[in-house]
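The primary structure of each chain is shown beneath.
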Amino acid sequence: METATVETPRPTATARRTIVELCHISKMFTVAGGRELKVLDDIDLAIQEGELLALLGQSGSGKSTLLRCLAGLTEPTSGRVLVYDKVHEGINPHASIVFQTFALYPWLTVQQNVEVGLMAKPLSRAEKEAAVNKAIDLIGLDNYHDAYPREISGGMRQRVGIARALVSEPQILCLDEAFSALDVLTAENLRSEVVTLWQQQATSLKSIFMVTHNIEEAVEMATRICILFPHPGRLGLVLDNHLPYPRNPNDPGFQQLMKVIHQTITMQALPDIPPEPPAISGRPVSRARSRMESIPCVPVGQILGLLSILEDNPDLVDIYDLANEIGKDFGETIALVKAAEILELVDTPKDEVRFTELGKKFIIADNDTRQKIFAEQVQKLRLFHIILAYLEVQDEIDEETVLKDISVALPYENPEKILQTMIAWGRYAGLMDYDAATNMVTRPEKPEAELEETKTE
Amino acid sequence: MKSTATQLGAADSKRSFGWIDLILFAAVLGLLWSIAKFGSGMMVRFDATSQSLSISTDIRYIPYYAGRTLLRMWIAFGFSLIFTFSAGYAAAKNKIARSIILPFMDIMQSMPVLSFLTIFVTFFVSLFPGNMLGVECASILTVFTGQVWNMAFGFYHSMVTTPQDLHDAATCFRLSARQRFLKLEVPASMHSLIWNAMMSFGGGWFAVSASEAITVLGKNIQLPGLGSYMANAVGTGDNQAAFCAIVAMLLVILATDQLVWRPLLVWADKFKMELTESAHPPKSWFYDFLRRAYLFEWIETQVVQPTVALLDELRMKRHARRALQPARSNRIGKYIRQTIGVLLLIGLLYQVVLGVVAGYEAVYRHISLAEIAKIVGLGFITLLRVVAVTVLATLIWTPVGVWIGSRPRIAQIAQPLVQMFASFPVNMTFPLVVGLFVRYNVDMNWGCILLIAMGTQWYILFNVIAGAMAIPNDLAEAARNFGLRGWPLWRTLILPAIFPFWITGACTAAGGAWNATILAEIATWGDKTLKATGLGAYIAEVSSQAGNTGSAALICGTAVMATFVVVINKLVWRRLYKYAEHRFHLD
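Those protein sequences? They're chains S and V, same order as listed.
The first sequence begins at 1 in my numbering and counts up one residue at a time.
The second sequence begins at 1001 in my numbering and counts up one residue at a time.
Note that these hints are calculated values from the structure, not bench results.
Hints may be right or wrong, so weigh each one.
In silico DSBU-like cross-links for lysine-lysine, where the CA-CA straight-line distance does not exceed 30 Å [what the hints assert, rightly or not]:
1) S:K350 to S:K361
2) V:K1317 to S:K128
3) S:K121 to V:K1578
4) S:K338 to S:K38
5) S:K404 to V:K1578
6) V:K1183 to S:K417
7) V:K1578 to S:K86
8) V:K1037 to V:K1095
9) S:K404 to S:K350
10) V:K1334 to S:K38
11) S:K38 to V:K1095
12) V:K1183 to S:K128
13) V:K1334 to S:K86
14) S:K350 to S:K338
15) V:K1283 to S:K404
16) V:K1270 to S:K134
17) S:K38 to S:K328
18) S:K361 to S:K372
19) V:K1317 to S:K86
20) S:K417 to V:K1317
21) S:K417 to S:K372
22) S:K121 to V:K1317
23) V:K1270 to S:K128
24) V:K1093 to S:K121
25) S:K404 to S:K338
26) S:K128 to V:K1272
27) V:K1317 to S:K134
28) V:K1183 to S:K134
29) S:K121 to V:K1270
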């Protein structure tokens, strides 16, 4: 775990109490079929008073699980949670959660929804009413006391969620991708309000813990950024962010921090490995893929689209610029690029994307040739050998067996998602098919030999 | 859109009592008075040896009899609600409870409702000797078994499918189990609960009208009510009275629908999970009428809220006191509760085992194997009839249902109508139809198919209409675009789309058909009794027999019918459901 500093002035450190500490937290889940999936692997994290900690990770990296362990909604499989230096089990009384889906009760008005935050507290009716009104006032929902959630917009619903979380005067506010379900403008507005709320210290709120996959959001809001590497979730990098508020995305310090984060994520997802010597005999194994490696769960159409965009914009080289161009967030773009790289259609030196020779051939070919190239490349992937080996011997293989093999080969991935992607790629390549009625992976409908025959007739 | 957002910053308009509240008040008083009057009628003495209380066929008595029938329905419904909440909650929260309660309800659902009647009557008459209350209890409990299972299943299902993030929010803010139940689980289930309640209540009409004329200890007992009134009217050949009775029944069903269920459905709209307004929200004139009454708001602010606040304060004080006590007492309490639970379970099992042994003994002593074989044979004949009803109803009503469902405005009128037809207890009209059979010398073996179909075909129609209404617009437009009509259109779009709905309808119809056979396979007109060969006729006959042979035969017949239903459920309906879910799910 590295700690990197950015060239900005560091404030003098004062003795601050640790509100919550996660020690050696691991979490395993049982996936369908009785398999165990390790989502979090030995994580140590501490949140002190007066900081805003952002946990950055892609979908499926386990960040929501970590937040739930911190708040006490989920029990970790191993490890301890310390609240104010004492071991704690169960709901963390000092933390309140704001949910991505808002989690408002549709049959309660705004006022009643905020009241839910106080239901467990021994306060009189008058005290509760005063607290609720204060929270609603703080978050700017003054005239909406009697509105129902279905009458107000998404941004306002999330404000209700925030008010509900704040009304019980927690020390930590946990934001579970709280802005992901909002449109860009509303999210921007709400972000700055939350930061202002935290800074003003108008309530008992000391720290904020947010999980997000949006890198810009993390850099804009957080005083400390932790990057979570996926499969299994483990802490990759911890960065201090001492930029002064309010932060400007065009500020050079901001840009520098973004670059560091981009590079870290890219290096982890698309490592630059020197070319390996070719295999001596047998099936050609693709370079750097002699180990069994997972494939990103990306549909074929998107890979083709990526190549098309790269062809149209030859000077679009930086992955970050590419992400902006196609409008996807950074993590999704990395997955897309990785898929193309595994198929040897692009090369990724450092954080750039460039066509390979094969990629250039692919992009100008017609549909049939593309399928052929795709099939050749797919066959080089060791992961696909699992299915192809079965299909050499028999007409079809049942899904369960394949899932079991995948989960043995890739213990940190979700086998079902992987299988879905493999079938999608396999179908495009004409290497396999899937029968939904019987849940069997089968040989393709028309094997190539027959196609040749019908063509020559 | 019914907006309830207060006028921004405007002062609260002063609301006070108006003339609507006066009407409401008078209506409530009238309701309480009539409940008291009908209720007192339940506890009249009767002498088992003398003739039954005579039911007058005077038309002026119809409102009174209607009231008695209604009272029975609502008392049974109250019990159904209590059972629904307890059993549904227990099954949703406790694994052991779930493994007992769900199969139990499944079996009970498959048992013919009217078999229970005889058992209940013998039990309650011995409990309240010489008093009509015993017979009333039996009738009410029979209605209960007709209403409750569907509601309980529905409540359990909605408890289990409450969205996880709402549960997480409740956990995060440390709501107690009681608070979670009242603030989250009940409101989340409210919409489906009210829908199911409406359907289940309707299923009770059949039971109540059938249970108003019973044979106890060889004597005919009649409970005052619309069902017995109708039976008497037909028996004495008073056609005018019979007609009035049918009209009264329809009016009662209509009134319950308009004054109770429709307003409740409109109110329940606020509990729907979707965070957008629905395109066709339900409407009710009565609900709009009631909204203008200040009485409800007054009750809410002056009675309900202070009471809740007081209860909360008391609970807080109790919690504060309990927090000072050592944690050990909690564990003792847990052990005590666990022991009580285990003891209850053992007691229940013991009773069940006793019952099973007694039943087996009774059957063993009085029924020979040949008799059992005969009963099973009769069951197969009845099965053929049930299949025939289902197939015929499907063939006839599916095109009609699709036609109605594709025209939304007609569907809006038709659906509530069909719902009402489905609730109407057609067994009231059986004697008239049997009279026709007698006149035209129709063989009951075929004629009873018509009788069975009269009550149950509506479920198929109703569900097919719902299915046709649910065909997504874009699929229909695509079909039109490609010029699909006639059989190709049906084969490609319509039949697959309505298939899951049809299964629900056919399953309900088949279940209702089995129940109906008990009243349909043997029916009377005046002094003529027509009987068909079948399990329903057998059960009906042995119900009226006194003595041990009779009860043993009843147990046998009931068990055989229940077995048929359960087996067909597992072999046919469950598989079809799974197949439909897998293949035809529109998502």
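How the hints compare with the structure:
no. : hint               : result
1   : S:K350 to S:K361   : holds (23 Å)
2   : V:K1317 to S:K128  : holds (16 Å)
3   : S:K121 to V:K1578  : violated (46 Å)
4   : S:K338 to S:K38    : holds (23 Å)
5   : S:K404 to V:K1578  : holds (25 Å)
6   : V:K1183 to S:K417  : violated (36 Å)
7   : V:K1578 to S:K86   : violated (51 Å)
8   : V:K1037 to V:K1095 : violated (45 Å)
9   : S:K404 to S:K350   : violated (35 Å)
10  : V:K1334 to S:K38   : violated (34 Å)
11  : S:K38 to V:K1095   : holds (27 Å)
12  : V:K1183 to S:K128  : holds (17 Å)
13  : V:K1334 to S:K86   : holds (27 Å)
14  : S:K350 to S:K338   : holds (13 Å)
15  : V:K1283 to S:K404  : violated (53 Å)
16  : V:K1270 to S:K134  : holds (27 Å)
17  : S:K38 to S:K328    : holds (28 Å)
18  : S:K361 to S:K372   : holds (12 Å)
19  : V:K1317 to S:K86   : holds (28 Å)
20  : S:K417 to V:K1317  : violated (52 Å)
21  : S:K417 to S:K372   : holds (25 Å)
22  : S:K121 to V:K1317  : holds (11 Å)
23  : V:K1270 to S:K128  : holds (25 Å)
24  : V:K1093 to S:K121  : holds (25 Å)
25  : S:K404 to S:K338   : holds (25 Å)
26  : S:K128 to V:K1272  : holds (27 Å)
27  : V:K1317 to S:K134  : holds (25 Å)
28  : V:K1183 to S:K134  : holds (23 Å)
29  : S:K121 to V:K1270  : holds (27 Å)
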